[in-house]
Each structure stands twice: as C-alpha cells, then as structure tokens.
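Q: Take a look at the letters that make up each chain.
Protein chains: 2
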Amino acid sequence: MLSKNTVKFIKSLHQKKYRNETGKFFVEGEKSVLELLDSDYSVDLLVVTEEFADRHFSVLKNYSGELIEVTQNQLEQLGQFQSNNAALAVATCKSNQSFEVQEDELIIALADVRDPGNLGTIIRIADWYGIKKLVFSPNTAEFYNPKVLQASMGSFTRVSFFYEDLAQVFNRWKLPVYGAYLGGKSIHSLVKTSPGVILMGNESHGIPETLESSVTQKITIPGFGKAESLNVAIATAILCDNFKRLLS
Amino acid sequence: MLSKNTVKFIKSLHQKKYRNETGKFFVEGEKSVLELLDSDYSVDLLVVTEEFADRHFSVLKNYSGELIEVTQNQLEQLGQFQSNNAALAVATCKSNQSFEVQEDELIIALADVRDPGNLGTIIRIADWYGIKKLVFSPNTAEFYNPKVLQASMGSFTRVSFFYEDLAQVFNRWKLPVYGAYLGGKSIHSLVKTSPGVILMGNESHGIPETLESSVTQKITIPGFGKAESLNVAIATAILCDNFKRLLS
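Note that the protein sequences, when read in sequence, are chains A and B. Numbered by the working numbering, the letters in the first sequence go through residues 7 to 254 in order. Numbered by the working numbering, the letters in the second sequence go through residues 7 to 254 in order.
It is worth saying that the hints were derived from the structure and are not from the lab. Please note: incorrect hints may appear among the correct ones.
Copies of the same chain are indistinguishable here, so a pair counts whether it falls within one copy or spans any two.
As the list claims (entries may be wrong) - Under the rule of at most 25 angstroms between Cα atoms (straight-line distance), these lysine-lysine pairs were calculated in the DSS-like manner:
#1 Lys250 - Lys224
#2 Lys224 - Lys30
#3 Lys191 - Lys250
#4 Lys250 - Lys198
#5 Lys138 - Lys67
#6 Lys180 - Lys198
#7 Lys232 - Lys100
#8 Lys30 - Lys180
#9 Lys153 - Lys30
#10 Lys153 - Lys232
#11 Lys224 - Lys17
#12 Lys100 - Lys191
#13 Lys67 - Lys153
#14 Lys232 - Lys37
#15 Lys232 - Lys250
#16 Lys139 - Lys232
#17 Lys138 - Lys180
#18 Lys23 - Lys67
#19 Lys30 - Lys100
#20 Lys232 - Lys138
#21 Lys17 - Lys37
Model the full structure from these sequences, guided by the hints.
A: Structure follows, in structure tokens:
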C-alpha cells in the first residue's frame, strides 16, 4: 500500500533541494525503470502497476528493495508524466567523484549547459557514440533533474560524470581540449585528430572566456546557410559523429 | 489600440483549425518577428511594445501593414511566450505548392515526423546547411504550428516546403532517395555520394513500409554504444553534416 509518507517523499524528489538533502532521485516510465533496474544504481523503491509487474515478473524476481503495487491513476499522481501505466523507481544518486582518464579516450565536457532537455539529449548522444565519461561545470543543469533523466531515454545509467571547475579538471588531465566555437577550424577540414575532450559551451554565451586558455584547438561546424547557430545538443551530436569517424 | 476582435482573432490562430480557415499564422518574440519582416512573407499585423518600436524604428518605417502598440503585459496575453517584451506578428501562410528540383540539390523529406519541436529544429538545421527545400508527408506536423516556428528560430522564413504523398513526389522527381534506417549502410563508410533526398521517418515507427520501394539507398548513423536510437532531429543533423562534407 502507498502510504501518505511515501507519496510525500516521492513528491519531494521533484525538487532539487530534497534530492540534494536525501541523495535520492526518481525515474518514471517503463523504459527508464527497466534500464535503471539493469544498471549499477541502487534502487530503493519501486512503484508499479499490476500490468507492469505481470509483464516483467522475471526482472522483479531479482529485485530485493521495497515494492508497492498501485493503480495507473495513483502512479500518475506521483510523477511528472501525464500518462504512466508502468512504473516509477526511487534510487540513490551517485556521489560526485572524479574519474581517471586514459590518453585514448573521447570525453565530453559541458560548460554551463543550463537546459535539462539539452543535457539529457547530450547524455543519450554520448551513449550512442560509446562515450562513457562526461564532466560538467558546476553551473551545468543537474544530472538527476527528472527532465534530464527523461530526455536521456535510459542512457543516464550508462555514463560516468562529475561536476567540478573545468579549468582545474583540464589542468589535471593534460588531454587535448577541442572547444566548439563559431570561428574555429572546420571539423570537415580535419583529416585526422587525436582523442581528448570535446568541450561545449552555454546555450546563449558559448564557452566561458575563463576556459579559453585551456582550449587546445577551436573547432567549428561549417554552416552553409543563414541560421546563426545550432542547438547545443545538435552541435554535440555532429562533433561526436565527426570525431568518431576520424578516430575509427 | 488593441480591440477585442483583434485579441480574439490572434488567440484563434493558436488553433490549427483557425489557421487553416483564415490562412494566417502568428510568430512572437524579437528574433522571429524581425526575421519575418525581413522575409518574403506578407505581414498583416504587428503588435509591438514601445521599446521594440523605438529599437527597430528603421525596420518599422518600411512596414505598411497594421501596427498596434501595447504594453508587455497585453502582449504576453496574446501569445504563448511566458515573457515577451518585444512583438508579435500575424502573416499570411504560403500556399501548398510543389517546387521544381535540380539534379545537384540536397533536399530533406520527412515521413510523418509528428513532434512540432522536432520539425522546427529540423528546419533550423536545414537552414544551417543551406538546404532550402523540404517536403513533408501529409501526416507530418503542421509547419505553421507556433511550436514549430519557435523551434526554427526564424529559419522557417528561409525554406520552401510542401505537403504531399511522398511516394508520388519521389516518383515525379526521379532523384536518389537516401532513407535513414537502423540497418543501412554506414554513412561513415561512404567516400562519395550524389545529391538527392535525405528521407527521415516517424519518431516511433521510422520510414513507413509503403515508401521502402522508393528508397535508393538505406543509410545509417553508426552507433558505438548502447543507446537504441537517436532523436530524429539529431539524426537529421548528423546526416546533413555528412552529406555536406561528402559533397563539398
């Protein structure tokens, strides 16, 4: 049974303040919940409909946390989805720990990407291109924002990330940093490149000036028309595609 | 002065039904309104704040349609933006007329892309890559939906488009059709290509089976990770980038 306290707890996780305080987050919808259960995240609570429980009996057999069965109507009142006939899960956030890097890795760094939809889409793109490591400036959108998780389509379970001042990070790593600028070297003109960090800037202001001295090479997606810019997630996808093509 | 009838008229244009009946649409926000005034669209009505009128005096000098000055508060009640301190414009939709194509052109065709945000983003991408012609299946999102226009960031003024059964169109054009599939030829493996039509399918169901026989070559964006798919606007951007790189 769904207690009032559980309802209150899940609803509190819609707010960043309570996610930070409790170290918990939630995801909703069949795909995200299944991906979460299939990941190394620790799932504390599953709220499911009878249909979901029936359909995924074998998955739930291996789950040892708290399980609550509810109606679709009850489920929809817990989350943000207008329609959810499947499940919602509460899990424990990963701690903000930096990772080691190798010289042959491609990594994505985001400087102040603020829109949760953009961050989630970039995580999905990283996962598509097999890029497993992302690093975010402290002003980048919060990873466990429900809109980020939803836009990532389950890919959030397959990437490592941490938040830190990027200048410090780049200084420690000593990897080439490829910064996306409007006036850099055309990515189409490169015939080869080396792995390193693809650095993307803020939606309105681009890469902060304070990071310019950390950038090894300014790169640009060549434009052929009159649009002034591309959305940051679109630009990230195009740069990842070019890097993977050049490095494969 | 803003009459009740004008308010009612503009608000009716939020609905597709009234856009179809009247052949009019609206855009809001400084950038979109300025791009519209700088285009070949016929603008019937401009609703502006005093600040916008002052800032763009020289632009408004050349405008001969109806002009109404309002407060920011009044303006925000007409449109969909939470915040708009600039302008809103009503203009005449273009008629649904097919265009001629040349053998050396790159064209985008969308089969049942339903999400207005995706359509608008694809229009912006087309404009970035200098692709001026798009063709849509009748089930694709409506071009003059305010969400489409907003996501296009003004690029909607610089493309030609029409809606028609795509099989008929491809049959008439006799251009190569490159269809985006999950199991086609890797776009990275192509060393050259010819211009033609880049065909993208529906968000959930891909390219309809009925169009498969029109496809000259199935192409794919190679994946290196575990994400099952890419968003259709992201995929369009990556394909356009590869085609422009190969053709330039």
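Q: Run every hint past the structure and note whether it holds.
A: Results of checking the hints against the structure:
no., hint, in the structure
1, Lys250 - Lys224, "both (18 angstroms within a copy, 21 angstroms between copies)"
2, Lys224 - Lys30, "neither (38 angstroms within a copy, 44 angstroms between copies)"
3, Lys191 - Lys250, "both (17 angstroms within a copy, 16 angstroms between copies)"
4, Lys250 - Lys198, "both (11 angstroms within a copy, 18 angstroms between copies)"
5, Lys138 - Lys67, "neither (29 angstroms within a copy, 54 angstroms between copies)"
6, Lys180 - Lys198, "within (20 angstroms within a copy, 36 angstroms between copies)"
7, Lys232 - Lys100, "between (43 angstroms within a copy, 20 angstroms between copies)"
8, Lys30 - Lys180, "neither (34 angstroms within a copy, 56 angstroms between copies)"
9, Lys153 - Lys30, "within (15 angstroms within a copy, 34 angstroms between copies)"
10, Lys153 - Lys232, "between (31 angstroms within a copy, 20 angstroms between copies)"
11, Lys224 - Lys17, "neither (44 angstroms within a copy, 46 angstroms between copies)"
12, Lys100 - Lys191, "neither (37 angstroms within a copy, 38 angstroms between copies)"
13, Lys67 - Lys153, "neither (29 angstroms within a copy, 44 angstroms between copies)"
14, Lys232 - Lys37, "between (38 angstroms within a copy, 14 angstroms between copies)"
15, Lys232 - Lys250, "between (27 angstroms within a copy, 15 angstroms between copies)"
16, Lys139 - Lys232, "between (34 angstroms within a copy, 14 angstroms between copies)"
17, Lys138 - Lys180, "within (19 angstroms within a copy, 43 angstroms between copies)"
18, Lys23 - Lys67, "neither (33 angstroms within a copy, 51 angstroms between copies)"
19, Lys30 - Lys100, "within (9 angstroms within a copy, 51 angstroms between copies)"
20, Lys232 - Lys138, "between (34 angstroms within a copy, 10 angstroms between copies)"
21, Lys17 - Lys37, "within (21 angstroms within a copy, 38 angstroms between copies)"
In this structure, the hints that do not hold are numbers 2, 5, 8, 11, 12, 13, 18, in rising order.
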